[in-house]
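Number of protein chains: 2
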Amino acid sequence: MSQKQLAIGTLIEAYGLHPAAWLAEEAEPGAPTEIEYFKNIAQICERGKFDFYFIADTPAARTQDVETWARSPMYMNQLEPITLLTALAGATSKIGLAATASTSFYEPYNLARLYASLDHISGGRAGWNIVTSANDYAARNFGADRLPPHAKRYAKAKEFYDVVTALWDTWEDDAFVYDKEEGYNFLPEKMHMVDHEGEFFKVNGALNIARSPQGYPVILEAGASETGKEFAAQTAEAVFGVATRIEDAIAFYKDLKGRMPAYGRNPDHLKVLAGATIVVGDSAEEAKARFDHWQSLIHPDVGLLRIKQDIETDLSDLPLDEPVPEDRIPAEANHHRAYFDEIAGMIRRGLTLREICQQYTRSKVTIFGSPEEIADMMQEWLDREACDGFMITFPVIPSTLEDFVEKVVPILQARGIFREDYTGSTLREHLGLPRPENRHVVASADGGKVVANG
Amino acid sequence: MSQKQLAIGTLIEAYGLHPAAWLAEEAEPGAPTEIEYFKNIAQICERGKFDFYFIADTPAARTQDVETWARSPMYMNQLEPITLLTALAGATSKIGLAATASTSFYEPYNLARLYASLDHISGGRAGWNIVTSANDYAARNFGADRLPPHAKRYAKAKEFYDVVTALWDTWEDDAFVYDKEEGYNFLPEKMHMVDHEGEFFKVNGALNIARSPQGYPVILEAGASETGKEFAAQTAEAVFGVATRIEDAIAFYKDLKGRMPAYGRNPDHLKVLAGATIVVGDSAEEAKARFDHWQSLIHPDVGLLRIKQDIETDLSDLPLDEPVPEDRIPAEANHHRAYFDEIAGMIRRGLTLREICQQYTRSKVTIFGSPEEIADMMQEWLDREACDGFMITFPVIPSTLEDFVEKVVPILQARGIFREDYTGSTLREHLGLPRPENRHVVASADGGKVVANG
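As given, the protein sequences belong to chains A and B, one line each in that order.
FYI, in the UniProt record's numbering the residues of the first sequence are 1 to 454.
FYI, in the UniProt record's numbering the residues of the second sequence are 1 to 454.
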């Protein structure tokens with residue numbers, strides 16, 4: 001059996017994912033809306049032979065605590081993801097282009113068109129990260145006061161997925177024949193109407209764009225909750241893992257893939273990508289020192305606000321340069337257990353409030369190391385089936401991205417666990433995913449029963 | 001006073017706007033989803049120094065009479081307009097990029113983001129053609145059985161416009177200061193929330209993208225009906241005229257501009273673009289002969305279907321090569337009076353059914369002429385204030401487009417009524433339109449009252 005290959009995606013935000021990234025020396029002021037800046041970043045990723053470039057998204061700007069977010073402005077000002085990816089398609093030729101779009105805020109028909117069009121324009125490089133959204137401040141941009149509960153959001157997401165994939169199957173791959181002699185631009189029998197009426201959506205029509213190069217864009221999901229994992233087992237083709245310890249990652253990997261056969265799916269057709277923040281240096285210490293500098297740029301107000309959100313306790317009345325009294329730790333975590341434990345741990349260790357503000361990482365394990373050390377870690381996770389690859393966030397770009405591409409990628413390539421060059425031209429080919437067959441073709445081969453792909 | 005200049009936009013469809021364009025010798029089979037094809041077309045338009053490239057849109061494929069539409073497939077298979085324009089932004093540098101988007105089928109927040117992002121990515125070249133949509137088969141893709149009545153659609157369009165422009169004014173132009181020294185990425189006082197609750201939309205939030213180069217994309221409209229004209233007088237910056245006779249165009253021009261002062265608007269801030277299908281030849285006769293060849297390619301089934309739609313009478317039981325009995329003309333026109341008159345006229349003149357199928361032009365005046373004759377017509381319309389410019393449709397591309405660019409544009413330039421080269425870099429600059437001020441800046445200068453731009 002040939003050596004298993006790493007998949008690598010990267011989540012890109014204008015300055016990088018660090019809360020103080022925009023304050024780094026290298027940060028270019030106008031970057032968030034400067035298309036040439038992003039083209040350069042995408043080209044660096046493509047030089048690194050990454051599987052895909054990824055954009056996270058919430059269709060909203062924060063409307064509370066704006067004074068503080070002005071000091072840590074992530075997602076307050078960004079190009080819209082589908083247009084940004086479309087522009088990047090013209091500046092790259094191989095790398096996959098994926099973005100988040102919420103099933104809570106889009107009409108399925110519009111979303112189906114946009115992603116199908118991106119897939120055509122990019123020659124089969126589109127990926128769609130399905131999210132249900134969790135921010136009420138986003139819901140308020142779309143007529144609602146708040147989002148529906150988790151289970152309802154997922155039920156809607158599943159129905160959304162069903163409608164969108166049905167629309168993508170409107171046309172069989174060989175429907176458009178452009179037969180001038182017979183006078184038929186397409187074969188009417190290869191066009192299939194969608195007639196859907198469900199709890200959330202009613203769609204009766206046909207998509208007005210030919211089936212795209214990949215059939216469907218690659219479907220990405222996060223899938224951490226129980227509902228999320230079932231949805232992913234049923235529909236996802238790449239999943240972002242959140243485990244920070246290898247043992248947890250191995251368990252997640254096994255758990256998720258183990259759920260797939262129940263849906264008639266081959267576990268190889270879903271790639272688990274471990275989330276990792278990576279800083280490469282000459283040594284782990286040197287890398288850590290660079291990171292500590294960025295941490296020191298986090299304004300205390302930003303730190304306090306993040307803590308307040310994550311443990312629901314306002315510590316802003318306390319002096320910054322003294323330890324936090326232990327009785328200020330809330331009795332229990334309402335939201336993220338891991339966030340809570342990290343903050344509570346720092347309080348118990350007697351760190352000052354300022355130190356906590358600057359050292360709190362939201363449980364993101366940032367991996368510091370020399371190129372060899374980073375490569376070792378990645379190889380170990382791959383070999384031990386903790387993941388099929390990585391979804392890397394770089395804290396400050398372009399520098400930490402360039403370091404990885406120039407120093408770590410060649411080692412992975414030399415070890416034979418990462419491509420020397422692209423061998424395919426679609427995101428599906430990069431990830432080793434099958435191209436979904438049109439359900440109507442499948443049905444016709446099966447004797448007429450139309451079933452959803454899965 | 002300096003010579004008034006022509007504005008020129010062109011409506012592009014993959015093969016051109018003729019119903020049989022895809023059957024022309026030059027038509028490239030895969031064009032509708034081939035981005036390189038469209039890049040070439042946009043570059044030809046930019047060589048012609050056109051103000052803008054325009055895409056019409058209906059978010060739907062036809063679902064009835066598909067067998068016949070397979071012979072005349074316009075809008076059955078096309079790239080989604082906003083992604084297509086974004087891709088073209090990277091292949092051009094000056095030409096404006098405009099597309100239709102319906103206020104009936106989009107969420108205002110999503111649309112505001114997409115167009116703002118396109119405006120950023122293109123460096124200020126975006127235009128939005130506001131339509132309310134009139135096709136029930138599109139409504140069925142979005143949960144409705146049919147569209148609401150005309151007046152209700154326009155009321156929704158106006159509210160949609162109000163919300164979208166308010167979102168575009170979320171950020172003052174100088175809100176993002178990227179002040180690393182003070183630690184402020186943006187100035188919180190230059191961010192303005194939208195809090196809208198109306199008959200159709202409820203939006204409470206802020207747009208997550210900086211105000212775009214043009215402030216707002218240029219607003220285009222059709223505005224033929226009474227309601228449409230009022231809406232255009234209030235909100236449009238370019239309007240597509242439909243008059244086919246110069247006297248009617250002059251009346252429309254005067255009528256529309258005359259309505260603007262009531263809304264506090266300067267009539268120069270709305271450009272009337274006369275719709276014209278143009279075929280340039282060595283002579284009018286030669287151009288007409290080319291067109292007649294394309295007309296001859298219209299399949300009788302397509303002709304019959306167009307007639308059936310337009311006069312609500314099915315003539316398919318009649319022999320193709322005999323005149324149509326006059327008693328088959330319906331008592332009155334339900335839809336387009338002009339369509340009805342054209343068909344009824346041909347029946348009364350004794351044309352055979354086949355001839356009617358092939359000669360019916362849907363009242364589109366196609367202008368045939370030598371380069372000088374075309375230039376004369378355009379100059380006359382400009383001089384007599386029948387229009388500020390033209391919205392040209394080319395029946396078959398690239399040939400009729402190239403002919404115009406190579407043969408007519410130089411004459412217009414030599415006469416001093418069309419630019420030798422672009423002098424600005426935004427669509428507003430090309431059209432001579434002011435950049436809208438942010439309503440909050442205006443309000444602040446006015447002592448605090450926030451009013452909509454108009």
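These are calculated hints, taken from the structure and not from any lab test.
Be aware that a few hints might be false.
[Claimed, not checked] Pulled a few chain B residues facing chain A out of the computed Cβ check, cut under 10 Å:
(1) 39
(2) 149
(3) 180
[What the hints assert, rightly or not] Ranges between beta-carbon positions, derived for each pair:
(4) 420(B) x 441(A): 53 to 61 Å
(5) 180(A) x 332(B): 52 to 60 Å
(6) 152(A) x 244(B): 47 to 55 Å
The C-beta atom is built at its ideal place from N, Cα and C for all residues, glycine as well.
A quick look at each hint next to the structure:
Because the closest C-beta pair between residue 39(B) and chain A is about 8 Å apart, less than 10 Å, the hint holds. The restraint placing residue 149(B) at the interface with chain A is violated, with a minimum CB-CB distance near 20 Å, outside the 10 Å limit. With a cut of 10 Å, the hint placing residue 180(B) at the interface with chain A holds, because the nearest CB-to-CB distance is about 5 Å. In this structure the supplied range 53 to 61 Å holds for residue 420(B) paired with residue 441(A), their Cβ-Cβ distance being about 54 Å.
For residue 180(A) and residue 332(B), the Cβ-Cβ distance of about 39 Å falls outside the hinted range of 52 to 60 Å, so the restraint is violated. The beta-carbon spacing between residue 152(A) and residue 244(B), approximately 54 Å, falls within the hinted interval of 47 to 55 Å.
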